[in-house]
Amino acid sequence: MSALSSFDFLRHGARPLLAVVMAIAGAVLMSAPALASDDYTLPFYDPGVSLNYGVDRDPRIGIQLDYTGKVWYDTATHPGRVYDNHSGLDYPMPVYSPVAAAKDGVVAETEGGYGTRQFGDFGNFVRLRHSDGRHTLYYHLASRADGGIAVSYNEDVIAGEKVGESGCSGICYGPHLHFEVMVDMDGDLVTSDPMFRRLWTTWPGRIPFRAAYVRENDADTVIVRRGYTIYHWVEFKNIGGRTWRPNIWPGRVVLGTWDPAQHDSMFAASDWTNDWIATRVDGVTAPDEVGRFTFGIRGAPGPGTYREDFNLDAQGAHWFNWDELGGFYVPIKVTQQIE
Amino acid sequence: MLSPSTFLFRLRLPGLIAAGILVGGLTLGSAVAQQALPSDGGAAGALRPGSVHLVARNDVAPGLSELRFDEAVPPTPGADQLLAVGPDGTMAAVASQIGPDPASLVLVSASGTLDQLVMPGLIGAGFAPDSRWLAVIDGSGSIWHVSADGASAQRWIDGPFIGQPIVEADGSVIALHVSSIEAPIMSRLVRIGPDGTVNQLADDQLVYGAQLMADGSIAYAAHRGSRLVMMRLSHGKPVQVADLGEDAIHAQLSPNADAVAFERHGGVFLQPMDGGSAALVADGASPRFAPDGLSILVDEPDGSAVFSRAGVAMAGLASQAAFARCVEDCEQ
Numbered sequence: 001m002s003a004l005s006s007f008d009f010l011r012h013g014a015r016p017l018l019a020v021v022m023a024i025a026g027a028v029l030m031s032a033p034a035l036a037s038d039d040y041t042l043p044f045y046d047p048g049v050s051l052n053y054g055v056d057r058d059p060r061i062g063i064q065l066d067y068t069g070k071v072w073y074d075t076a077t078h079p080g081r082v083y084d085n086h087s088g089l090d091y092p093m094p095v096y097s098p099v100a101a102a103k104d105g106v107v108a109e110t111e112g113g114y115g116t117r118q119f120g121d122f123g124n125f126v127r128l129r130h131s132d133g134r135h136t137l138y139y140h141l142a143s144r145a146d147g148g149i150a151v152s153y154n155e156d157v158i159a160g161e162k163v164g165e166s167g168c169s170g171i172c173y174g175p176h177l178h179f180e181v182m183v184d185m186d187g188d189l190v191t192s193d194p195m196f197r198r199l200w201t202t203w204p205g206r207i208p209f210r211a212a213y214v215r216e217n218d219a220d221t222v223i224v225r226r227g228y229t230i231y232h233w234v235e236f237k238n239i240g241g242r243t244w245r246p247n248i249w250p251g252r253v254v255l256g257t258w259d260p261a262q263h264d265s266m267f268a269a270s271d272w273t274n275d276w277i278a279t280r281v282d283g284v285t286a287p288d289e290v291g292r293f294t295f296g297i298r299g300a301p302g303p304g305t306y307r308e309d310f311n312l313d314a315q316g317a318h319w320f321n322w323d324e325l326g327g328f329y330v331p332i333k334v335t336q337q338i339e
Numbered sequence: 001m002l003s004p005s006t007f008l009f010r011l012r013l014p015g016l017i018a019a020g021i022l023v024g025g026l027t028l029g030s031a032v033a034q035q036a037l038p039s040d041g042g043a044a045g046a047l048r049p050g051s052v053h054l055v056a057r058n059d060v061a062p063g064l065s066e067l068r069f070d071e072a073v074p075p076t077p078g079a080d081q082l083l084a085v086g087p088d089g090t091m092a093a094v095a096s097q098i099g100p101d102p103a104s105l106v107l108v109s110a111s112g113t114l115d116q117l118v119m120p121g122l123i124g125a126g127f128a129p130d131s132r133w134l135a136v137i138d139g140s141g142s143i144w145h146v147s148a149d150g151a152s153a154q155r156w157i158d159g160p161f162i163g164q165p166i167v168e169a170d171g172s173v174i175a176l177h178v179s180s181i182e183a184p185i186m187s188r189l190v191r192i193g194p195d196g197t198v199n200q201l202a203d204d205q206l207v208y209g210a211q212l213m214a215d216g217s218i219a220y221a222a223h224r225g226s227r228l229v230m231m232r233l234s235h236g237k238p239v240q241v242a243d244l245g246e247d248a249i250h251a252q253l254s255p256n257a258d259a260v261a262f263e264r265h266g267g268v269f270l271q272p273m274d275g276g277s278a279a280l281v282a283d284g285a286s287p288r289f290a291p292d293g294l295s296i297l298v299d300e301p302d303g304s305a306v307f308s309r310a311g312v313a314m315a316g317l318a319s320q321a322a323f324a325r326c327v328e329d330c331e332q
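Chains X and P, in that order, are what the protein sequence lines are.
Residue numbers for the first sequence follow our numbering, so the first one is 1 and each next one is one higher.
Residue numbers for the second sequence follow our numbering, so the first one is 1 and each next one is one higher.
These are calculated hints, taken from the structure and not from any lab test.
This structure is a prediction, so every number in the text was calculated from the model and none was measured.
Beta carbons: idealized from backbone N, C-alpha and C, even for Gly.
Keep in mind that a hint or two might mislead.
From the structure, some residues in chain P lie toward chain X, with a derived Cβ separation under 10 Å [claimed, not checked]: (1) P120; (2) P184; (3) S226; (4) I249; (5) G266.
Bound-form chain X, shown alone (with noise of 0.2 Å):
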């Protein structure tokens, strides 16, 4: 039986409720394993985005311990680092800003029944079940109607996984997510921290998918005889919090044509996996290592001098930024004669 779900305890009154919530929630909040800092990825693409106010990890009123250490005996507003009793992560961005799942998981409650925007009591959230024992909680989030809940009750996600859409649901003064990591306790979902013990605003982990451009075997212009293929590659370092995969849908990275996203090529070869996919990553690719993708260029169109764009797609996540890429494209003259 559950300690806290029996609420046993709470037949002796308000004071030990609060004594066993506080005692409960300070062992977890003190004592919790620490994470590391890929465990989790951080719950949105926008690079931009930073943190508002952290978790206070004195459940006490008027007492708050922000996760650097430091207490403020009131119960103002402390931006950058906490407010009184907070339980979670607070990230201000704009209304219908796409969310991400922190960590692979199962989806284990939605509401998406409120208004994008209708302040009250309870709001729209997704909270996923991780195989670690813990929960996390995307809270303030738009109507199901609005796009605001990308996922179905029981639904696997993966991590980096589009859950839902930003709003300003509930108790809500700004549009911003309300991301929270919990623990199981036997049924009860307590608050922890995964900030404690780092200085990182941006904590836990990183954007879950980001790329910066390495090389490429030619730079230069790629010239391939009229219906004739040559092979090409391109290497990115992952910058992100989410391991690059060729083969595991949703989440496997491609290289794919862009601008306009997904457009059919005129240079695609019979190793492409369709008209738009070039490539998958070659191989599994961790965070700060380099993947590299090869794919054919077929010189299938008249003798000229063309450009095709490229963007990396974490396929049923996103697209990558395509500016972080360098603009990545791939200039190509096709030729009647092998130059």
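We have chain X; now place chain P onto it with these hints.
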């Protein structure tokens, strides 16, 4: 036309000026009682500078009274919320704003008196059956005992609790105990006895709201997975009476338990208990049954409206509104 047995208490926001009481720094007409609480959060000045509140009662029809409440400064989102109405409809509690910041609790009497308390934030309130006191939930989720005349206010029990507390005849309070006020992922239905002991009433982890039925039983709406269910406590045992599906919110059981009214995607629906399908009653939010169960009050963007169960508009109000629990013979 409203049922003669219906007593509707409505709160009108800017646009009306009538005889009444002026508070908030200026006094006109009747005397004003204004009290700053000797609490750790009782900061003065929670009423916005220059704000002026005006209240007046207007009996517009037999059994239908209007309480007008005016403010001279432009309203802000979440400001001037009707929190609770006394069971006999002669009193209302209004919050200058909802949330954790210091706020004014305005106690309005239909007799024309008005009191104002500065509270350390406001979330909800509920009147005792005899209208002599209120249970008030402050911004940190603590419950206060506040006398209806505003003469006393005492922090009673720490939570955090949210929602609209229900005060029973013996002084017990039914409330929702939550894990977090901002993101209540766990919300448990509890009864707090007059001596402060707290007992959980149901195993549901996420309860959205409760109501006291005429027979003294409790009905509540709970969220499970992705669905909303309507429950009723029968001899202390929870029994599911309706599964309202995904995205249903603000559910309320009719007084005779023959239907559930709820909100989904901006519409108010009525789900009969006899197995029929839910039918759209009106556009709007937060449906509440009249005490006789024959009409439904809904919130609209610019006020409120009353509809019959069949969806026929019965009254439109440019104000927030609530039904009083009883109409006549409330003393009994």
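Quiz item: For which of the previously enumerated hints does the structure constitute a violation, in increasing order of number?
Solution: Result: no hint breaks.
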